[in-house]
Amino acid sequence: MDVLIFIVGGTLAAATALIFAAMGELVAEKSGVLNLGIEGMMATGAAMAFVVLSLSGSYTLGFVAGAALGMVLSLVHAALTIIFRANQVASGLAVGILGLGLSSAIGKRYEGRTVAGLPENGIPFLSDIPVIGPMFFQQDIMVYLSILLIPATWYVLNRTKLGLTIRAIGESPEAAHALGLKVRLIRTGCVAFGGAMAGIGGAYMSTAYTPLWAEGMIAGRGWIVVALTVFGTWMVGRVAFGAYLFGSISLLELSIQAFGLNIPSQLMSALPYLVTIVMLAIISRNPTFIKLNSPASLGATLKLS
Amino acid sequence: MARFVIEARPERSAWAPVQVALLALILTCIGGSVLFIIYGVSPLKGLDAIFIDPLRSTYGIGEVLLKMAPLLLIAQGLAIGFRAQIWNIGAEGQLILGAIAASLLAIQFEGSTSPLLLPGMIVVGMVAGMAWAGIAAFLRAQFNANEILVTFMLSSVALQLLYFLVTGPLRDPSGFNFPQSIRFDQAAMFPILIPGTRVNASLFIGLFVTVVALVFVQRSLAGYKLSVGGIAPRAATYAGFSSKRTIWLALLISGGAAGLAGVGEVAGSLGMLQRNVSPGYGYAGIIVAVLGGLHPIGILFASALMALVYVGGDFALLSVGVPNAVTDIFQGMLLTFYLACSFLLTSRIRRITPEAIASEAPAE
Amino acid sequence: MADAPPLLRLRGITKAYPAVLANDAVDLDVGTGEIHAVLGENGAGKSTLMKIIYGSVRPDAGTVEWNGSQVDIQSPAMARELGIGMVFQHFSLFETLTAAENISLAVSGTIPELSRRIREASARFGLDVEPDARVQSMTVGERQRIEILRCILQEPRLIIMDEPTSVLPPQGIAKLFETLRKLASEGIGIIFISHKLEEIRALCDTATIMRGGRVVGVCDPREEDARSLTRLMIGREIARPRHGAERGDGHPVLEVTGLNHTPENPFATPLRDVHLTLRSGEILGIAGVSGNGQDSLTQALAGEIETPDDRGSTVMLEGKAIGALGPYARRKLGLHFIPEERLGRGAVPIHTLSENSGLTTYHRGMVNWGFLNLGRRRKLAAETIERMDVRCGGTESTAQSLSGGNLQKFIVGRELALAPRVLIVSQPTWGVDVGAAAAIRQQLIDLRDSGAALLVVSEELEELLEICDRIQVMFRGRLSGSVPVRDTDMDHLGLAMAGDFDALNSSQTMKEPALG
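Protein chains in written order, with the numbering used here: chain A, 68 to 372; chain B, 1341 to 1704; chain C, 50 to 565.
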């Protein structure tokens, strides 16, 4: 039973950063903007949150600062792709590189330091239920917020006028523009949301999941987030499922180390990437299926008259 | 009332990419100045440390040329893929595989003085880089898997493979447990070009590849097909250019070039396989390719500039005491500003006045 | 009209683009309840003028008055607030959304509420639309009805219709006109853009005729005859194409039997059991409303879609099965294709004409040992420009700098230079000005007269009736039997385009094997 508690509880925590960033990226992609700079935004968010938390002692301030800096970086991406009509792939890479540089500059003096992690207050009363309690209800607040973010994202995208507008813009920005929808504004908003969520995801990594700052600690999670949107064929539920799957894989990595099994740690470290590659190939295999589900204008340079 | 309009260029301008790159450099200097002020360093001193200081000494110039070689190689390969809109962002991994393969050969033939050893390393390194990129090509061509993500993931896998090898099977038994292989013999090393520096003959490979790339891009049918596929995929389908061939060609070329760069590192300045075989050349190569306007000659200059920023970042750390994260930020800014200005490649800004409108002849 | 100000009054509207003055001091008055035609050839400046009225393009000079007061229409949103609606030529609908969702993006209200209003308006104006159906499964006619409904539900006082009939079968046009008359009778002003004289004479109260960016005349179209309108619109006489005698000696060149194909694109129409025989020395026309599988058909014939024989379908070129060959191999056998999209498919937009002439000709001595013969390529481009009278800056102009007509002339010339034995052409004169269109049609007929076999896909029945020897009709992925042009007419073709293949033949009951 302890093993099960460890697995479920651990997966929820391990997936939290992925959920935040993936929901943000999903919204941006639904509006037609591919953001490959997530890794840099998560890293910057992580560094910023860690520094602010260290200085102020406030988790709230830390998360807000992380989200803000992630958003600032994403706005650079938005400006490049939406105003200057730069290639989305190149722009995402540029902003990603910029973000990684920024994160290492911000965190330089804090390299290797630790802080007290975000307290795992859990939910009163529910956390006392045997088995279920420790599994689900003894987590920190961000885990619960990330879980709430999933239905919230689904609701906004599929049940509101705003979501309808976002999907329409993602399918055809030209037609949306002709209708008078505010294509540039909405896209910028979606990208900014994505950046803020990536920043929060990064902040969670450095202040809660592994409460320390080390350069490169995001370790490719930003890229896995981008892969998750493909893996989940741009559907909220499937993307979230993918995030938990990867959460459980990184948990596996930890447990193998803990149990001292004789598997090279490098193989375990490479496992998430290998799984991603295999998953991408399986999901993408049917081009019709991808075409039906992907936002039609995703990745295309915006050309409004 | 005069105003400015942005309009499409009627003909291609050969100088536009140069103007855009220079504009990006100027903006980066401005952004860099702000950064130096934040660090409490005089912007002039800071910029001097990065862009000028390295060029004052033979050692500095040597270091720039040394770092230029892998950047040049990688970027020439990547640019050919980027022209076809095949985004190989995993040159880092292909470089590592090239380095590993070449090292295996050098370690296998330890003590050999054969003049064939180095050429052999070059060949296996290139093939290994191609093979690693070939995985992405296969998955993209057969399963439609996004090559951007796959090449990145493969880079991360390559890095773990490297860590495994240098901490395990290939670790120098008498190396005090350092994660590195044995030192290579002279026959497995590129000769030094400029005495007193670490510049070696791998730079010649980069220059040779530049010439080949120039001919390929401008004169070959394969290069023409790749560029049509990148700019107008539907035109390529119409003409009958196979998109799968394009994918394979783009990834194999860029993978091979990155593999060569890996050989250049282990058989050049390092002389062994180690954990830090590349300080991110594979990613910096992306910047070089874009900054060079995806043009072989442009890339030649861009690789020199980026190498200068690498060396300048180290110099700035010592002389004015800014952390070498400044290097990454400068490189990121160069690319960001280049992209911001890149609309000038296909458009131009023109000042128009009402009189100009009135005097223009109506169209037939 | 002198007492009350008109609904819309434009004075001196001027708009310049880099190479062309699109509008030059244009005046236009539209009253309430008036159906006002704006007539002109492609490139006359109609579209630019409409975009200015709709706020998506800002004029360089001139004034716009709305209900007697001057306004500056800064955006489509502002135009809609004023009460100006627009129905686009290329629909601005979202495939993955339902009709009601599409409409809700422009009209406020919840989906159930809108669905009710859609049903009401549908009944009132004769616009059948199912609110909950997704656009991707709809025909072109249904899509246009959604566009019109979306416009009407915004309660506009002026509706701009940009070439609304170009996508409709003849019966659909009659129905559309009824709807427009009903709208006008309720006091809505309508601007009707077209280059089809008969339609304008049947529908409109006033016509403003444009040429070269200028207004060249305002008249009551019902009081003018077609010739005088044509002269105003074009400014010169256009020769009708000279047609060589029927040869009657044609042998089958391209034979398609039982072709089935389901495209990868889920929104494209699959081909179902398509049969056709193309003979030397003839032009076979494929009529049909766009979106009925024409794209898949031309792609399958040109080799962009490969259809190996093992799927039970065959494509034979002079007795040789070519289903498994790609475009390059088919071109080497003498089968060429001119697609309807010029920029981005027939030509690479940012490449020069020189580079573009290499796109389909590289097997003809343009390449030695894998290296391009640049001199030869430039020479071919220069020859094509010369022979086809392409107006451009020279061989180093980019394809995107040419007008649609000139680029089409260049592409047609490039393919003709290779003396094709079979030429597939899709929409040869779509969006092309009259002069270029006439020149292109003549080139096609000359090629036929020289013994080549041509297959022309077009939405313009007039064009097909003018240049073809036989016509087949495409509907929902199926192809009708063929009918000689002399044995059919617009009305019968129209019925066949709506799916009634039996109605194709007007005079006799000669039919090829019944299909479908």
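Because the hints were derived from the structure by calculation, they are not lab data.
If you're wondering where the values come from, they're calculated on a predicted model, not measured in any experiment.
Careful: at least some of the hints might be erroneous.
What the hints assert, rightly or not - Among chain C residues calculated to face chain A with C-beta under 7 angstroms, some are:
(1) Gly132
(2) Ser141
(3) Pro319
(4) Asp322
Unchecked claim - Only part of the chain B face toward chain C is listed, based on derived beta-carbon distances under 8 angstroms:
(5) Leu1395
(6) Arg1423
(7) Ala1527
(8) Pro1531
(9) Ala1572
All C-beta atoms, glycine included, are put in the ideal place defined by N, C-alpha and C.
Is the interface hint satisfied for B/Ala1527? The criterion is a beta-carbon contact with chain C at less than 8 angstroms. violated, 35 angstroms
Let's test the interface hint: is any C-beta of chain A closer than 7 angstroms to that of C/Ser141? Holds, because the Cβ-Cβ distance from C/Ser141 to chain A comes to roughly 4 angstroms (cut-off 7 angstroms).
So, C/Pro319 near chain A? Judge it on the closest CB pair being under 7 angstroms. violated, 12 angstroms
Holds or violated: the hint that B/Ala1572 contacts chain C, with Cβ atoms closer than 8 angstroms. holds, 5 angstroms
The hint names C/Gly132 as touching chain A; please verify it with the least Cβ-Cβ distance against 7 angstroms. violated, 14 angstroms
Is the shortest C-beta separation between B/Arg1423 and chain C less than 8 angstroms? violated, 12 angstroms
Hint validation: B/Pro1531 versus chain C, beta carbon distance must be below 8 angstroms. Holds or violated? violated, 33 angstroms
Satisfaction of the B/Leu1395 interface hint, Cβ to chain C closer than 8 angstroms: At 37 angstroms from the nearest chain C Cβ, B/Leu1395 fails the 8 angstroms test, so the hint is violated.
Holds or violated: C/Asp322 as interface residue toward chain A, Cβ cutoff 7 angstroms? Violated, about 22 angstroms.
Comparing the model with each earlier hint shows violations of hints 1, 3, 4, 5, 6, 7 and 8; every other hint is respected.
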